[in-house]
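Novice: So you can see what is in the structure, the chains are spelled out below.
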Amino acid sequence: MAGWSEKVLDIDLNTQTYKTYPLDMEMARLFVGGRGLGARLLWDMVGPEVDPLSPENVLIFTNGPLTGTGYQTSNRFSVSTKSPLTGTVLDANSGGFWGMQFKKAGYDVMIIRGKSEKPVWIEIKYGVITFHDASELWGMRVFDLTKKLEQNNNKRNVLCIGPAGENLSRIASIMNDRERALARGGPGAVMGSKNLKAIVVEGKDRPVIHDPERFKFLLYETRKLLAASPLTSQALPEFGTVVLMNIMNNIGALATRNHQQTQFEGAEAISGEELTEKYLVKNASCWACPIGCTRMSKTGKVEGEGPEFESTWAFGAQCGIDDLPAIIEANSLCNDLGLDTISVGSTIACAMELSEKGYMDSDLRFGRSDQLAPTIEAIAYRRDVGSDLADGSLRLATKYGHSELSMSAKGLEFPAYDPRGMQGQGLLYATSNRGGCHMRGNMVGPEVLGLPKMIDRFQVQGKSSFVILHQNVSAAIDSLVLCKFTNMGVADEYFARVLSTVTGIQYDTGELTRVGERVWNLERLYNLREGFSRTDDTLPPRLLNEAPTDGPSQGWVVQLEPMLKEYYRGRGWDENGVPRPQKLEELKLADLLVRN
Amino acid sequence: MPTVKLYANLRKLAGTKELSTTGATVGAVLNELVKWNPALRDVVLENGGLRPHIVITLNGHNITDLGTPVMEQDIIAIFPPIAGG
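In order, the protein sequences belong to chains A and B.
Each residue of the first sequence is one higher than the last, beginning at 0 in numbering that gives the first Met the number 0.
Each residue of the second sequence is one higher than the last, beginning at 0 in numbering that gives the first Met the number 0.
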């Protein structure tokens, strides 16, 4: 069938063997690819009895039916696993080039099971799978390793872990194409636990497109739409994502010093405007992307990709640091060591507050940019204070008796947006299936930027319907897999047209959104099976009880309870947040529970 | 006088990050602004209203009604279309 390769590569590291078999196409039709297909496979393979860092956990790499077709931003891919940071269902997705190459290798899915006795790296080249000894590569950092394994953007692509993944840091990322990251939730630790250092892919298969002539027209039309949108043609290429710094600060929703404040006096110094004026070398883009939001920046010490908004915020406002070169260098160091920048920055901020309040014996202090690089190194190698920080802020804060100081939901550290100034974002964080996250829907569009139209960011009643819609659309886009920035110039109903043209299966707008809803509910079922419940759909006490004392969000806390009740009703779940049987029937998920 | 703060590419067009201006409402302040620098007109205004995706805040609160009154010490921030995350 067009779009999908219809092939699964299933690798067992215990025996260093593999098999291939056909993809279940009914499953593919219902879950499409990427995050959706990954969650569906994970449901069957990894149950509540499995420790995320044991050989029984799996890594499921997936692309989607649009991946590698050349449709705008069709470069992305996903990894699904049980998160060692949160214990929830996890998927992380990434751009760059590796996803396109993986599709060209002829597979929709690659499952990695078991654990190799010794460090290993896998080479997939024109259908031949080779297991190589990685003993001499173990310990290498990401940039050197990527070069050593002969990364070549359009031909041969390297995915790997750095020292942080080897040392089982629960905030370790998997890196691809040198500086792109499958970052959140600790997938790098799962790869490290399997003694798997890298996966290198070279492929030559071109994805089959059902209606190539119509596809060409859709490519042309999408190019026009992206060029006509000031967001995708000007805002993102000119200033990158860091341009959000000033507006979030202006409205009093920029989390500062571990969410102790909602405005940062040093925001201008770490803004997109400042980055562009002083440190930008050029912008760059992922494969088949005409937007080009990537920043290539340079300081006296480093030159490379980034930083993105969330990373700049995590090392900046969240740590009370206004030293932009130090932030750029911290971002680069995390990429080289294989660490999630958001979780690292926020965990350091948590340690700074614990230390300043005398709960933890360390010299970490807000505003100390000189402490960033050594602390990041310590985390990756689990040295000194880093041994406490390497497992994220919730385990750190719990160890020192103050779990309330972890700014996270379900154990995943929040991104930049302080939800006391954005009520919908608070509900989004509390209900996100992988924990505190802005990539499972993001209310910054309607609540701050007026996209597609402005809604009152402090409004509580009725907010859940926006959150549900954004979550479903986000899950659908993550299953295609496309970059969400495309959606700023191209409406999501258009994606259904593209999917139909590529696969030959008729998806209308409603069906594509239904795919997103199906994926969301499946992830919810997974978490419920793991023992999560309504009590986990919450936020730290600071966000629920401590109102900012100044700024535009003064006096506001997140009004979670009424929004949550409305949300459960809107989702067709019972008062405990459990999907009702008729909802599961409607989404074709009821069979899963019967078979389970 | 109220202060107007400009962001992203509006700074390049205006040649400044911030200026003081007159006007009793947000709309009146914007009219003074584009009179002072006509290059901003086509970027900020359209058919007597705001262009799509322009975000204006008054002391950090989003403004959609250009008739909103402005006081002496107020700060008006103008953001061109921006995105990210």
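Since the hints were made in silico from the structure, they are not lab data.
The beta carbon of each residue, even a glycine, is placed where N, CA and C say it ideally should be.
A portion of the hints provided could be inaccurate.
[Stated by the list, open to error] Computed cross-link-like contacts, BS3-like style, restricted to lysine-lysine with a CA-CA straight-line distance of at most 25 Å:
#	chain 1	residue 1	chain 2	residue 2
1	A	K203	A	K223
2	A	K215	A	K203
3	A	K300	A	K277
4	A	K277	B	K34
5	A	K18	A	K146
6	A	K117	A	K146
7	A	K452	B	K34
8	B	K34	A	K297
9	A	K452	A	K582
10	A	K582	B	K4
11	B	K16	A	K281
12	B	K16	A	K277
13	A	K300	A	K356
14	A	K117	A	K154
15	A	K124	A	K18
16	A	K124	A	K203
17	B	K11	A	K281
18	A	K146	A	K281
19	A	K223	A	K154
20	A	K203	A	K147
21	A	K398	A	K223
[Said to hold, decoys possible] Just so you have them, the derived chain A footprint on chain B, three or more residues with Cβ under 8 Å:
#	segment
22	5-17
23	66-73
Novice: Next step is simple, just say for each hint if it's right about the structure.
Specialist: Verification of the supplied hints:
{"no.": "1", "hint": "K203(A) <-> K223(A)", "result": "violated, 29 Å"}
{"no.": "2", "hint": "K215(A) <-> K203(A)", "result": "holds, 21 Å"}
{"no.": "3", "hint": "K300(A) <-> K277(A)", "result": "holds, 14 Å"}
{"no.": "4", "hint": "K277(A) <-> K34(B)", "result": "violated, 31 Å"}
{"no.": "5", "hint": "K18(A) <-> K146(A)", "result": "violated, 29 Å"}
{"no.": "6", "hint": "K117(A) <-> K146(A)", "result": "holds, 22 Å"}
{"no.": "7", "hint": "K452(A) <-> K34(B)", "result": "violated, 28 Å"}
{"no.": "8", "hint": "K34(B) <-> K297(A)", "result": "violated, 39 Å"}
{"no.": "9", "hint": "K452(A) <-> K582(A)", "result": "violated, 29 Å"}
{"no.": "10", "hint": "K582(A) <-> K4(B)", "result": "violated, 49 Å"}
{"no.": "11", "hint": "K16(B) <-> K281(A)", "result": "holds, 23 Å"}
{"no.": "12", "hint": "K16(B) <-> K277(A)", "result": "holds, 16 Å"}
{"no.": "13", "hint": "K300(A) <-> K356(A)", "result": "violated, 33 Å"}
{"no.": "14", "hint": "K117(A) <-> K154(A)", "result": "violated, 28 Å"}
{"no.": "15", "hint": "K124(A) <-> K18(A)", "result": "holds, 15 Å"}
{"no.": "16", "hint": "K124(A) <-> K203(A)", "result": "holds, 9 Å"}
{"no.": "17", "hint": "K11(B) <-> K281(A)", "result": "holds, 18 Å"}
{"no.": "18", "hint": "K146(A) <-> K281(A)", "result": "holds, 21 Å"}
{"no.": "19", "hint": "K223(A) <-> K154(A)", "result": "violated, 28 Å"}
{"no.": "20", "hint": "K203(A) <-> K147(A)", "result": "holds, 22 Å"}
{"no.": "21", "hint": "K398(A) <-> K223(A)", "result": "violated, 54 Å"}
{"no.": "22", "hint": "5-17", "result": "holds (count 4)"}
{"no.": "23", "hint": "66-73", "result": "violated (count 0)"}
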